[in-house]
Amino acid sequence: MSAIHLAGTAQAGHLELEVDLSVEPGETVALLGPNGAGKTSLLRILTGLLPLTRGHLDLSDHAADVPDAGVFVEPHKRPIGWVPQDRLLFPHLTVKQNVGFSPRARPERVDQLLEVLDIAELADRRPSSCSGGQAQRVALARAVATEPEVLLLDEPSAALDIDSRHLIDNLLEDRGDRATLLVTHDPVEAATTADRIVILENGYVTHVGSPVEVRTRPRTRYAASLAGLNTIAAVATGSTATTEDGVVVVLGEPASGPVHLVVPPVAVALHRTAPGGSPRNVWEATVAELQPAFDRVRVVLDGPLPIVAEVTPAAVEVLGLVPGTRVWAAVKATEITVHPA
Amino acid sequence: MRAPRPILAAASVAVIFISLPVVGLLQRTPWSSLDELLSRESVIQPLLLSLLVSVIAALVVVVIGTPLAWTMARVDLPGRRIVRALVLLPMVLPPVVGGTALLFALGRRGLIGQWLDRWFGLTLPFTTLGAVVAAVFVALPFYVIAVEGALESGSDELEQMAGTLGAEPMRVLHRITLPRLLPAMGAGVALAWARALGEFGATITFAGNLPGRTQTLPLATFLALESDTEEALALSLVMLIVSLAVLIPMRDRWLPGRRPDQ
Amino acid sequence: MRGLLVAALLASTVACSGSDIDDLTVFAASSLTDVLPDLAAEYENQTGTTITTVFGGSNHLAAQLRDGAPADAFLTADARLLEQVATRERLVRFAANRLVVAVPTGNPAGVSSLADLARSDLRVVVCAETVPCGAATSEMNTTIDADSHEISVRAVLSRLSLGEADVGIVYATDVASEPGAQPAWPQPEACPCVTYTAGARTYWALPFLAFLASPAAQEILVRHGFATGELD
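So the protein lines, in turn, are chains G, A and D.
Residue numbers for the first sequence, in our numbering: 1 to 341.
Residue numbers for the second sequence, in our numbering: 1001 to 1262.
Residue numbers for the third sequence, in our numbering: 2001 to 2232.
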């Protein structure tokens, strides 16, 4: 039995979505993708606010949207709970009335949720007098109160304070058979809360996998950028590729046409003087910024080929790197992964 | 925001233009004999009748206008443009023409009216009910436009949200749509009521003019102008006061186009 | 009689000097709507002067004239108004109109006597007292249970011709000109009636006033159902 089984097409404005997606009960899936990829539209398909043009959608093994068979279950009959990006709290109702709005919401459950999410004192207040974090918790409580079999969250943690994030995370962990589909921009959140990651780009699913898989073997440029990897646009002609700024990069594998070159930051070696030896891709750069992160430092480099390198804090000291330092960056051709653009 | 001078100047011209007739009226009002004038039967009777007719008309307008506005805004009607043009027609039609058209439709020998007369013995001309019908006819567009405008401009995302929470359409209407629509409905009703109160041409052409039965305040004022100027002024003053008494408390909150307090 | 004499004097003076103007503006009570075009045509025939007519309720026309509307002559059934509106001294009473109890053609309600005007089950329509026709109606010594006091005699007439009213009181001339209405029963030529008086506001209207009293005009008036002759 699957909670969500979607194999269909829909039209959202100018964007055509074609999605194949399955989610099991109890599973949490993170939906990632650049702006305009269709993530919100995908949620709308599941809620029933955007009908499919072809294909079928099953929710909890019941047909919910099958255009060819004339089957369409109205949103109010679907076992879903939806927390949209802009929350859409009812401004003319109190917090408690919002949370208990659904006919499926039992009063005891409402009270329980208010407690768990620490919004009980707000019960008689209007949403307009709640902070962002409080409003987000109210919206979540409202959706969860309906005891949904599928919970859809659109950017639940965007701009939230730490306390709110903790409370929300706690609630989400207590899921039972509920499937959760969570749209997020934040790869860290995706990696930490999701069992699986689905990447949506331009209306198509480009990658489905566990967080580790996506991180280590990104299949698209976007996925690479999520994983913190450098991507460079270039035009390949055989064993080299030329970037827009005219820098020639030697490739480890031959390719031709427009490509994306993926370079892990750790593969970028930094030198104070021009290095000799095997790396064939060497160019000058200036340190633009240092981003320290515990056991490593990301060095943002400016120059004809802007790139991010990752070195140890010790290396930073030894090389005497500060913003403005001129360095030589070197990358082995074999460390460069080539993706057709 | 500080308004630039030319805009303020133009606005002042508009305000002066509108207030001049009112000032003129107030200036000619026989303040000393006002006491006596306002206690006359010939002033009180049309006032009470006008209030009765306009309030009933306003209620009818809300009852039939709200579903109409909702349908126009939310349902994908095939002949939508035609329906909208029809609804707006009484606004554009000269009231006397409207009244005559009502006669042709609902008069004793009218298209529908003749059946009303034959089957139910109900005739509308020369009755207070007829005055209400004339008032509803001219006032309905004002209400429908106000409410439909609010429904159109406010998106239906809250209603969609309510749907995803499991509320079926009637519940959504009752708990989300209507409560949020109240300010626009209030503004629409006020406008419709004001229009109904001031209706002259359609009333006199359709319902006629009989003190106590169909002689509303505007009709009485018109007739008084020809015979008793002082009474006419008193009646005009009464109309002015009644109208202001309703429109002023509305203030900004109730006029269509202003968003309700979130 | 006096009026005719005055008119004759006027006519003689005017006939000598001739007409100096091409067009006259005449304000006239709405009950003259049908007859005035014919009178104007005859006048133009005789003198070459065209007449522009403005019809309306006498009270309204008087109000406009008081505010300075540029009319050359004012024809009304309410002589008092002429006193309020600055006219030249000589007034001409040129026609009279009888009131008639009228019904829609075919007399569907079977109205047969004045007593029917008091019946509450009939739709009775009369002019409002503020218009001359209504003033005359109120001088009738009958009980009338009116369902509406219309603001012009034309409105009463249209109620009858549309069949919305069962009986109404209108001018004899209206009944004559409206195919949708007829007198309820053959009614005698008695008053109360209204007399039409013409007042000139400018010098050039005087010939027109004289014309109104002339035999040619009188004949047209009679043809339309007005009474002429002894008008005192």
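Bear in mind the hints are in silico, worked out from the structure with no lab data behind them.
Mixed in with the good hints, there may be bad ones.
[Claimed, not checked] Output of the computed footprint for chain A on chain D, the stretches with three or more beta carbons under 8 Å from beta carbons of chain A:
| id | stretch |
| --- | --- |
| 1 | 2022 to 2031 |
| 2 | 2120 to 2128 |
| 3 | 2138 to 2148 |
[Said to hold, decoys possible] Which residues of chain A face chain D? A few of them, derived with a C-beta cut under 8 Å, are:
| id | residue |
| --- | --- |
| 4 | Thr-1071 |
| 5 | Arg-1074 |
| 6 | Val-1075 |
| 7 | Gly-1107 |
| 8 | Leu-1116 |
| 9 | Arg-1118 |
| 10 | Leu-1122 |
| 11 | Gly-1208 |
| 12 | Asn-1209 |
| 13 | Leu-1210 |
| 14 | Thr-1214 |
| 15 | Pro-1218 |
| 16 | Glu-1226 |
[Unchecked claim] Sample of chain A residues lacking proximity to chain D, with all beta carbon distances greater than 12 Å (derived):
| id | residue |
| --- | --- |
| 17 | Leu-1051 |
| 18 | Gln-1160 |
| 19 | Pro-1211 |
| 20 | Leu-1219 |
The structure presented is a predicted model; accordingly, all values stated were derived computationally and were not measured.
Heads up, the beta-carbon is just placed ideally off N, CA and C, and yes, glycines get one too.
Going down the list of hints, with the structure as the test:
Under a criterion of three residues with beta carbons nearer than 8 Å to beta carbons of chain A, the stated coverage of the stretch 2022 to 2031 of chain D fails, only 0 such residues being counted. Three residues within the 8 Å Cβ limit are the bar, and the stretch 2120 to 2128 of chain D against chain A gives 3, so the coverage statement holds. Coverage of the stretch 2138 to 2148 of chain D by chain A holds [criterion: at least 3 residues with CB-CB distance below 8 Å; count 3]. A least Cβ separation of about 34 Å between Thr-1071 (chain A) and chain D goes past the 8 Å threshold, and the interface hint is therefore violated.
Proximity of Arg-1074 (chain A) to chain D is violated relative to the hint, the smallest CB-CB distance being about 40 Å (cut-off 8 Å). With a least beta-carbon distance of about 38 Å to chain D, the hint placing Val-1075 (chain A) at the interface is violated under the 8 Å criterion. With a cut of 8 Å, the hint placing Gly-1107 (chain A) at the interface with chain D holds, because the nearest CB-to-CB distance is about 5 Å. About 13 Å separates the beta-carbon of Leu-1116 (chain A) from the nearest beta-carbon of chain D, more than 8 Å, and the hint is not met.
Violation of the interface hint for Arg-1118 (chain A) is found here, the shortest Cβ-Cβ separation to chain D being roughly 13 Å, above the 8 Å cut-off. Nearest Cβ of chain D to the Cβ of Leu-1122 (chain A): about 14 Å, over the 8 Å cut. The hint is violated. Annotation: Gly-1208 (chain A) was flagged as interfacial toward chain D, and the flag holds, the nearest CB pair being 3 Å apart, inside 8 Å. Interface restraint check: Asn-1209 (chain A) against chain D, minimum CB-CB distance 5 Å, threshold 8 Å, status holds.
The closest approach between the C-beta of Leu-1210 (chain A) and any C-beta of chain D is roughly 5 Å, which is under the 8 Å cut-off, so the hint is satisfied. Among the interface hints, the one on Thr-1214 (chain A) holds; its C-beta lies about 7 Å from the nearest C-beta in chain D, closer than the 8 Å criterion. Taken as an interface hint, Pro-1218 (chain A) does not check out: its beta carbon lies about 12 Å from the nearest beta carbon of chain D, beyond 8 Å. Evaluation of the Glu-1226 (chain A) hint against chain D yields a held restraint, the C-beta minimum of about 4 Å falling below 8 Å.
The non-interface label for Leu-1051 (chain A) is consistent with chain D: the shortest C-beta to C-beta separation is roughly 21 Å, beyond 12 Å. With a least CB separation of 51 Å from chain D, Gln-1160 (chain A) remains clear of the 12 Å interface cut-off, as annotated. Distance check for Pro-1211 (chain A) against chain D: the nearest CB is about 8 Å away, which does not clear 12 Å, and the non-interface claim fails. A cut-off of 12 Å between C-beta atoms contradicts the statement that Leu-1219 (chain A) is not in contact with chain D; the least separation is 8 Å.
Checked against the numbered hints given earlier, the structure breaks hints 1, 4, 5, 6, 8, 9, 10, 15, 19, 20 and satisfies all the rest.
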